[in-house]
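Got chain A sorted already, so can you dock chain B onto it with the hints?
Going down the list, the protein sequences come from chains A and B. Numbering-wise, my numbering puts 78 at position 78 of the first sequence, and it's gapless, one number per residue. Numbering-wise, my numbering puts 329 at position 329 of the second sequence, and it's gapless, one number per residue.
FYI, nobody ran anything at the bench for these hints, they're computed from the structure. Misleading hints may appear alongside valid ones.
No copy is singled out in the list; a pair is fine if it fits within one copy or between any two copies.
When the alpha-carbon atoms are kept at most 27 Å apart in a straight line, the in silico DSSO-like pairs for lysine-lysine are as follows [as the list claims (entries may be wrong)]:
1) 52 / 325
2) 173 / 325
3) 368 / 106
4) 77 / 327
5) 162 / 9
6) 205 / 162
7) 244 / 176
8) 355 / 5
9) 313 / 77
10) 327 / 125
11) 325 / 125
12) 313 / 52
13) 205 / 84
14) 313 / 180
15) 77 / 13
16) 162 / 244
17) 313 / 173
18) 327 / 106
Protein chains: 2
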Amino acid sequence: MEALKFEVKKVEKDTGARLGVLHLPHGDVETPVFMPVGTQATVKSMTTDEMKEMINSYIILSNTYHLFLRPGAELIKNAGGLHKFMNWDRNILTDSGGFQVFSLSKIRKITEDGVEFRSHIDGSKKFMSPEDSMYVQNCLGSDIMMAFDECAPYPSTYDYVKNSMERTIRWAKRCKEYHKNTDKQALFGIVQGGMFEDLRKISVKETVALDFPGYAIGGISVGEPKEEFLRILRYTAPLLPEDKPRYLMGVGTPDYLLEAVLSGVDMCDCVLPTRMARNGSAITHYGRINMLNACHTEDFTTLDPDCDCYTCKNYTRAYIHHLFKSKEILGARLLSIHNLRFLVNLMENVRQAIKEDNLLKFKDEFYKKYGYLG
Amino acid sequence: MEALKFEVKKVEKDTGARLGVLHLPHGDVETPVFMPVGTQATVKSMTTDEMKEMINSYIILSNTYHLFLRPGAELIKNAGGLHKFMNWDRNILTDSGGFQVFSLSKIRKITEDGVEFRSHIDGSKKFMSPEDSMYVQNCLGSDIMMAFDECAPYPSTYDYVKNSMERTIRWAKRCKEYHKNTDKQALFGIVQGGMFEDLRKISVKETVALDFPGYAIGGISVGEPKEEFLRILRYTAPLLPEDKPRYLMGVGTPDYLLEAVLSGVDMCDCVLPTRMARNGSAITHYGRINMLNACHTEDFTTLDPDCDCYTCKNYTRAYIHHLFKSKEILGARLLSIHNLRFLVNLMENVRQAIKEDNLLKFKDEFYKKYGYLG
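The shape of chain A in the complex, shown without the other chains:
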C-alpha cells in the first residue's frame, strides 16, 4: 500500500478550487492546507502541542538541508526519526534540500552527479546528490518527501532554466529509483521551468511521466513580479493530474494563498508567519500591523477582533507592544501563535467557502477588510 492516498472531495465549478483529503501515515489532512515550517525540527518558538491545540495544524514542513548539516541524518534516525526527535506525531513534509543548497550555501560546483557546496554554518565542504537527499529524507522518516531539484534563481536566462529543468527531471528519476519504502513515505516530483511556459509544459509532461503520488510547483514566488507569478501559476497548475495533490512551494501571504487555491492548488508552505512574528509584524484581517509602532503603546484593544487565536483572546496590543519594546521572547511567541493560526484558519475558511460554492465571494469579502487593491 502506498503511503499517500489523495481524495478529491469536490471541485468548485466557477473556479476549479479543490476540496480534498490527504490520507497519510500520521493522520488525515484536509486540503487546501497551509503547512507551517519547522526549519530546524522546530516551528520557531512553538511547542508541538501548541501546533496542535492552538494552531490546529495537521502537517508541518521541515528542511532537509538544515537537518542534514545539524544535527545530521543519522542522529535523527537513531532518535527514532524526526517525528520522535521533535515530539510531533502528526504529518511531516520534508523538502529536498535543493532550495537551501542553492540559496543559503556557497555553491562550489553543480555536476550531473549532484552539488558540492559549503555549509552556511561552518563553511565546511559538503556534497549532496539526489540519492543523498533521498537517504537523508529516509533517515528523517517524513510522510512526504520531495525530489532533489534545482530551483533556478529569478531572473535566469532561457538556456539556464532549460538545462536546469532538464537536469531536475533526470534527478527526479534517480530519486524515484533510490526511494524504496513508498508504503511509509510518499515522494513528490517538482515541476520547474522558470518564467517560460514551454519549459513548464515540458517539465510537467516529463515529471508526470515518472508517476509520482503528488507534484509540486517550484521556481515561482522567488522574487518575480506578482503578474509573472500569477501567469506561471495559472498556466502550470491546471496541467497537473487532477487525481494527485498539487503543492505550491514557498507561498504564505494571504493573497498568494487565495490565488493558489483558485488555480487548483492543494498545499502551500512558508516561513512567513513565524519570521514576521519575530520582526514584530502581525498579519490581521485588516492588513499587516507593525507592533513596534508607537500607536499601539496605549491601545488596550485586541490585535485582530476577527481572530480566534490564543493571543487575540488573552492579550492587548499595548502589552504586545511592550513585549517587543522590551525585547521579551513572549512577544515573538504571541505573534507566532497569531500569524500561524491566522493562515491555518484562513485555509479552514477557504475550505468552508469551497464547500458552499462561495470562494470568489469569500475572496472579495476578505480583500474588502484586508485592504488588498490588486
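What follows is chain B alone, placed relative to chain A:
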C-alpha cells in the same frame, strides 16, 4: 480588612521551618514558596497559563523599577493594573525599585528625599522617592508591595551600612504613611544592616516597630561568601515576628532555598531559573547541566529522570542540545519550564517534608543526589 492574612500551620520542632498560608486578594499561597520573577511584566519566555498549568505557581514577582521606566506606571494603571495588563489573575509581589535603582542605573545623588538616577534604557534623568515607589506600586496594584530601601552593596563599611540602614527605616516610615489601600495591597518592610549583626538587630527592631504585615530580609545573597550569608540569615530570621511572613529576597539556588527554609523563612524569589535557562543551563536533581555540552549530542534520555515537568516528560537531551546549538527559542522555553518547575516543585516537596517532620532527612537525601558537599 487587611489585604494579607498569614496563617502559620506548623513549625517543625527540630528545625524551626514553618508551614503556612498567605491569604491574599488573588488566592491562597502555601508557604514556604519560591516566587518566579517576571521582571518586565512577563516571566521570561512563559505565558501566564503555563505559569499555572506547567509550573503550578500561585505568586510571581515583578519589578517596579523596570515597569516605572517602561511602559510606565500610569499606562499599567490605565490598562486596569498589572494583573490585567499581563493576563495573570493570581498574586503578584512587586519589589520597591530600590534594588535596581542602585544596581542597574547610574546613580547621580542619594538624598534624604530619594534617589536621582539615570535610566539604564535611555540614560534619561529620573527620580524616585519612597512616595514615588508607593505611587508606582499602587498603580501596578500588586498584592504585596515592598517598602523603598537601599540595599547596601557588598562589601560596605560599617558607617556606610549604618547610615543607609537608618535612612531605609525613615523611608519605610514614609512608605507606610503614604500607602493607603491596605485592604487591597499589603506593604512589607525590609530589614537591612549588611554583614553587621548589631545593625541587623537595630533594623529589625525599628522596622518591626512600624508594624508591617510582613518583613523581608534584604542585603544578603549579594555576593558575600556563603558563610557570611548563613551567619546573617541565621541571626536575622529568628528575630522577626513569628506571626508574620518572612521573605528572603533574591535567593534561588536549591541549597540557599533549603537554608532559608531551615532558618524559618517563608518566601523567596530569584531570576536564576529563567536566566540559567537562556544560557542553556538546567538545574536537576543530579546537579547543574550545561545543555550546550557535546556529551548531550546523542543522548536520547530525559533531562532529569526525577522531574515531573513538561520538558522532561516530552523531550530528550539530544533535542534540547540541538535547539541550543541551533539558537532556537524553544530551547530557552523548554529549560525555563524545567528550571521554574524544578524550584517550585522543590518547595512543594519541602512543604511535604515539614508536614512529615522530615526536613533534615529530606535535605540530606536531596544533597546526596545533587552532589552538594558544603
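Hints, verified against the model:
With identical chains, the CA atoms of residue 52 and residue 325 are at most 27 Å apart between copies only, with a shortest distance of 25 Å across copies and 29 Å within one. In the homo-oligomer, the alpha carbons of residue 173 and residue 325 never lie at most 27 Å apart, since the shortest distance is 51 Å inside one protomer and 36 Å across protomers. For the homomeric pair residue 368 and residue 106, neither the shortest alpha-carbon distance inside one copy (44 Å) nor that between copies (52 Å) is at most 27 Å. Taking the shortest alpha-carbon separations for residue 77 and residue 327, only the inter-copy value of 22 Å comes in at or below 27 Å, while the best intra-copy value is 36 Å.
For a Cα distance limit of 27 Å, the shortest separation of residue 162 from residue 9 qualifies neither inside one copy, at 36 Å, nor across copies, at 81 Å. In the homo-oligomer, the alpha carbons of residue 205 and residue 162 lie at most 27 Å apart inside one protomer (14 Å), although the nearest pairing across protomers, at 88 Å, exceeds that limit. Taking CA atoms no more than 27 Å apart as the test, residue 244 paired with residue 176 passes inside one copy only; the shortest distance there is 16 Å, against 74 Å between copies. In the homo-oligomer, the alpha carbons of residue 355 and residue 5 lie at most 27 Å apart inside one protomer (21 Å), although the nearest pairing across protomers, at 59 Å, exceeds that limit.
Taking the shortest alpha-carbon separations for residue 313 and residue 77, only the inter-copy value of 21 Å comes in at or below 27 Å, while the best intra-copy value is 39 Å. With identical chains, the CA atoms of residue 327 and residue 125 are at most 27 Å apart between copies only, with a shortest distance of 22 Å across copies and 36 Å within one. Within a single copy, residue 325 and residue 125 get their C-alpha atoms only as close as 40 Å, which misses the 27 Å cut-off; across copies the closest is 20 Å, which meets it. For the homomeric pair residue 313 and residue 52, the shortest alpha-carbon distances inside one copy (17 Å) and between copies (17 Å) are both at most 27 Å.
In this assembly of identical chains, residue 205 and residue 84 lie within 27 Å of each other by CA distance neither inside one copy nor across copies; the values are 37 Å within and 60 Å between. Proximity of residue 313 and residue 180 under a CA criterion of 27 Å is satisfied in neither setting, with 47 Å inside one chain copy and 34 Å between copies. In this assembly of identical chains, the alpha carbons of residue 77 and residue 13 never lie at most 27 Å apart, being 45 Å within a copy and 56 Å across copies at closest. With identical chains, the CA atoms of residue 162 and residue 244 are at most 27 Å apart within one copy only, with a shortest distance of 25 Å there and 82 Å across copies.
Taking identical chains as interchangeable, the C-alpha atoms of residue 313 and residue 173 are never at most 27 Å apart, the minima being 49 Å within one chain and 43 Å between chains. With identical chains, the CA atoms of residue 327 and residue 106 are at most 27 Å apart between copies only, with a shortest distance of 21 Å across copies and 32 Å within one.
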